[in-house]
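Protein sequence lines correspond, in order, to chains D and R.
Reminder that position 98 of the first sequence reads as 98 in this note's numbering, one-by-one numbering, no gaps.
Reminder that position 276 of the second sequence reads as 276 in this note's numbering, one-by-one numbering, no gaps.
Just so you know, these hints were derived from the structure itself, not from any lab.
Cβ coordinates follow ideal geometry from the N, Cα and C atoms, glycine included.
Be aware that one or more of the hints could be misleading.
Facing chain D, from chain R, some residues (calculated, C-beta under 7 Å) [what the hints assert, rightly or not]:
(1) S2
(2) L3
(3) L19
(4) Y22
(5) Q23
(6) A41
(7) H118
(8) L293
(9) P294
(10) S315
(11) A317
(12) L320
(13) H328
To spell it out: a stretch of chain R is covered by chain D in this simulated footprint if at least three of its residues, at any positions, have a beta carbon under 8 Å from a beta carbon of chain D; those stretches are [as the list claims (entries may be wrong)]:
(14) 296-305
(15) 329-341
Number of protein chains: 2
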Amino acid sequence: MSLRIGVLGGGQLGRMMALAGYQLNLSFSFFDRAEDCPSAALGPRFGDDTYSTESLQAFIDSADVFTYEFENIPTAWVDMIAAQKPVFPGVKSLAVSQNRLNEKQLFSALNIPSARYHTIQCANDLTAAVAAIGLPLVVKTVTEGYDGKGQFLLREAEQIEQCWQLLGSSVPLIAEEFVQFRRELSIIAVRGQDGQTQFYPLAENHHHRGILSHSIVPAPHLDENTQLTAERYISSILQSLDHVGVLTLELFETRHGLVANETAPRVHNSGHWSIEGAHCSQFENHVRAVAGLPLGCTRAEKPSAMLNIIGEYPSSAQVLDITEAHLHLYGKTERPDRKIGHITVLADSYAELNGRIKKLADVLPNPMALNLSR
Amino acid sequence: MSLRIGVLGGGQLGRMMALAGYQLNLSFSFFDRAEDCPSAALGPRFGDDTYSTESLQAFIDSADVFTYEFENIPTAWVDMIAAQKPVFPGVKSLAVSQNRLNEKQLFSALNIPSARYHTIQCANDLTAAVAAIGLPLVVKTVTEGYDGKGQFLLREAEQIEQCWQLLGSSVPLIAEEFVQFRRELSIIAVRGQDGQTQFYPLAENHHHRGILSHSIVPAPHLDENTQLTAERYISSILQSLDHVGVLTLELFETRHGLVANETAPRVHNSGHWSIEGAHCSQFENHVRAVAGLPLGCTRAEKPSAMLNIIGEYPSSAQVLDITEAHLHLYGKTERPDRKIGHITVLADSYAELNGRIKKLADVLPNPMALNLSR
Chain D
1 MSLRIGVLGG
11 GQLGRMMALA
21 GYQLNLSFSF
31 FDRAEDCPSA
41 ALGPRFGDDT
51 YSTESLQAFI
61 DSADVFTYEF
71 ENIPTAWVDM
81 IAAQKPVFPG
91 VKSLAVSQNR
101 LNEKQLFSAL
111 NIPSARYHTI
121 QCANDLTAAV
131 AAIGLPLVVK
141 TVTEGYDGKG
151 QFLLREAEQI
161 EQCWQLLGSS
171 VPLIAEEFVQ
181 FRRELSIIAV
191 RGQDGQTQFY
201 PLAENHHHRG
211 ILSHSIVPAP
221 HLDENTQLTA
231 ERYISSILQS
241 LDHVGVLTLE
251 LFETRHGLVA
261 NETAPRVHNS
271 GHWSIEGAHC
281 SQFENHVRAV
291 AGLPLGCTRA
301 EKPSAMLNII
311 GEYPSSAQVL
321 DITEAHLHLY
331 GKTERPDRKI
341 GHITVLADSY
351 AELNGRIKKL
361 ADVLPNPMAL
371 NLSR
Chain R
1 MSLRIGVLGG
11 GQLGRMMALA
21 GYQLNLSFSF
31 FDRAEDCPSA
41 ALGPRFGDDT
51 YSTESLQAFI
61 DSADVFTYEF
71 ENIPTAWVDM
81 IAAQKPVFPG
91 VKSLAVSQNR
101 LNEKQLFSAL
111 NIPSARYHTI
121 QCANDLTAAV
131 AAIGLPLVVK
141 TVTEGYDGKG
151 QFLLREAEQI
161 EQCWQLLGSS
171 VPLIAEEFVQ
181 FRRELSIIAV
191 RGQDGQTQFY
201 PLAENHHHRG
211 ILSHSIVPAP
221 HLDENTQLTA
231 ERYISSILQS
241 LDHVGVLTLE
251 LFETRHGLVA
261 NETAPRVHNS
271 GHWSIEGAHC
281 SQFENHVRAV
291 AGLPLGCTRA
301 EKPSAMLNII
311 GEYPSSAQVL
321 DITEAHLHLY
331 GKTERPDRKI
341 GHITVLADSY
351 AELNGRIKKL
361 ADVLPNPMAL
371 NLSR
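Next up, chain D with everything else stripped away, as it sits in the complex (with noise of 0.2 Å):
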């Protein structure tokens, strides 16, 4: 009677997929090797340790229509699942997002600024793309790679050794013209299977060492072309893969406009806010689409901030003590640099959000709060 989705990972966006996806009586199997996964509790899991094809098969018997909540997936798996069963978002998307040549291809094919680069096979293409971009580059793994890792930042051509050493292995690599950037900026949308969009409003991302965070959201000072043409780019590639479910566009915002940066086919950490802040939620969104149900509004009523837990939780009691705070705890262990939970917050406006903001800074442990509370 209930329909069954299929999720391969078992980490917290899988978990806010399924507290989403049950409210709409859909229930959730995942496939993760970890037990005590963020989503374990959350339905069946499947999954030994070595991802064997049997258990990979158990996983595709337990359900009707498959997802995933990241893009780091052999696309075997992918493969075998969509020889069986509907897959949302399908093969098409998920190879762009794991491979940046791509990704770059696919903006270009659709005049999407985005930064100049190089493919590098070698050492000397390092020093190639010097010449031909200028100093400085950011050197990437053209696969994997999240949260600034797999990243090299060639400030000088002194460097072009070192980078060789700690990436060459994986070529090939990709040179990327530093883009002079006011701020980082995502817009996520969802595409349902009758192709119908929803664009949720532009969030702000702020780093620390590579690791998102905090969003807030809609991105404050923004001048409605710049939603406008975000939406315009994120529609283009959603209809060019013939995208079903959440998409996210990740862009720098530059003196000459919006710049493409990445992608990723799912939901988002700089969606997290929407939870609370928007009427119908990426991850609820995301599973409607997946179950082909009709898609939610996207709108948000007013700003709120999302910020990361980080390696470390604090006080429950003192964030709920914060007006207009939510906590989300994923049940994971404290471990350095490690997600393990996010808190989001609400105001009438940008001025009384930011209060709240320095608030929560305060009862956070992490280094994060570090970059909050300036």
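Put chain R on the given structure of chain D with help from the hints.
Here is chain R on its own, set in the frame of chain D:
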């Protein structure tokens, strides 16, 4: 690491508590013998066919702190739990709501107006009650009884025999004055372990054949005094019972002011709107209280309506196509008069809200819709 709450009962109320509590890294277990109960997917389930002492002990061993999602439970169960671990709300709250005579005496002791009544031990007492209070009389069992079950509306003295035949086996009974009321209201409040108390706005409740059909919150055309009076009444009940968790007080609005009808020591159907309509839902606030956390804000920013889905499911797609409608399905099979889900719809004004309620009535298959579309 995660505090586990044991819930007596695994129905939709337990399910919605769990969906709210997982966010705070609380986890849940349930005592319900139905394998397919609505909470089954959200935590381990205990309770064999006979609800044996062994199965209750296994349930007690499974959690750190306990609560219940319905009040018609054997007090022996609660006593057995309370001898070993904390239970919120406590046995005092349960004793009052399980017995209409205790409840009447509490209202009286706290100077809360309620209907005049007579205790009934034999058929002659009914005759005496008619003489003392007049007709019509509402004759009710003292224990059990919900959704209009275990009640008889005595309109004429000739019906005494019929009434006695129906209810006489369940003495003592209570015969209550039939209160001429304008409408039924309910107030929901939550009290923390530290005595901190928060009140939700009054709901206006509509019934159809004894079952709650829909609620509108805040109750329209309400003067501030009515809300404050209701808060004073429920506040005195909470304090007198040293209640921890959510408590609901059903009230009649009459020409002479508010008249208390009954209490429920738990989250309540007339509070389901709060999931989307209040900053912090009755479910989250209840589990916060049980877990010893600070309470969340109970304010509603705009009007909302909650419509029960009774007996038969509507098309999810048709419901979700209506602006600001949120669908909640409990994973129960269809059966006449059974609450199997609800819809919450919000709007910026009561006029807009009424328009959306009418649209929802058009897509609801159950007879509740008749009541709505008038």
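Under the constraints set out in the numbered hints, which ones does this structure not fulfil?
Going through the list in order, the structure violates hints 2, 7 and 10 and respects the others.
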